[in-house]
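Visitor: Sequence:
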Amino acid sequence: MGKVYERNASIAHSVLLGIENSTVGKVEHTGVYGMTETITAQLNEQEMILDITFQSSDKVFQPVSVVYNKETKHIIDWK
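Counted the way the numbering used here counts, the sequence shown spans residues 228 to 306.
Please note: incorrect hints may appear among the correct ones.
[Unchecked claim] In silico lysine-lysine, BS3-like type, Cα no more than 30 Å apart, as pairs:
#1 253 x 230
#2 300 x 253
#3 286 x 253
#4 253 x 306
#5 253 x 297
#6 300 x 230
#7 230 x 286
#8 286 x 306
#9 230 x 306
Bear in mind the hints are in silico, worked out from the structure with no lab data behind them. Since this is a predicted model, take the numbers as computed values, not measurements.
Produce the entire structure from the sequences given, and follow the hints as far as they go.
Guide: Following this line, the structure appears as structure tokens:
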């Protein structure tokens, strides 16, 4: 259960940072639980996508994709 919490907390933190920055590119962030890699791209004029991969000391988790509106900062889709 601990690893799930660590992953969820790290992914949520990366989503908030990604939406706040809204810049296209790749960012790596090392936190308390592990490292997240966020790749941000623009889908169209209004929407951005964040592809986030979390890696703990012993495991790399499957990536998460978040689509959001760059003007309103509202999340449209989370997979």
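Visitor: So, for every hint listed, does it hold in this structure?
Guide: Going through the hints against the structure:
no.	hint	result
1	253 x 230	holds (24 Å)
2	300 x 253	holds (19 Å)
3	286 x 253	holds (21 Å)
4	253 x 306	holds (19 Å)
5	253 x 297	holds (17 Å)
6	300 x 230	holds (28 Å)
7	230 x 286	holds (10 Å)
8	286 x 306	holds (20 Å)
9	230 x 306	holds (19 Å)
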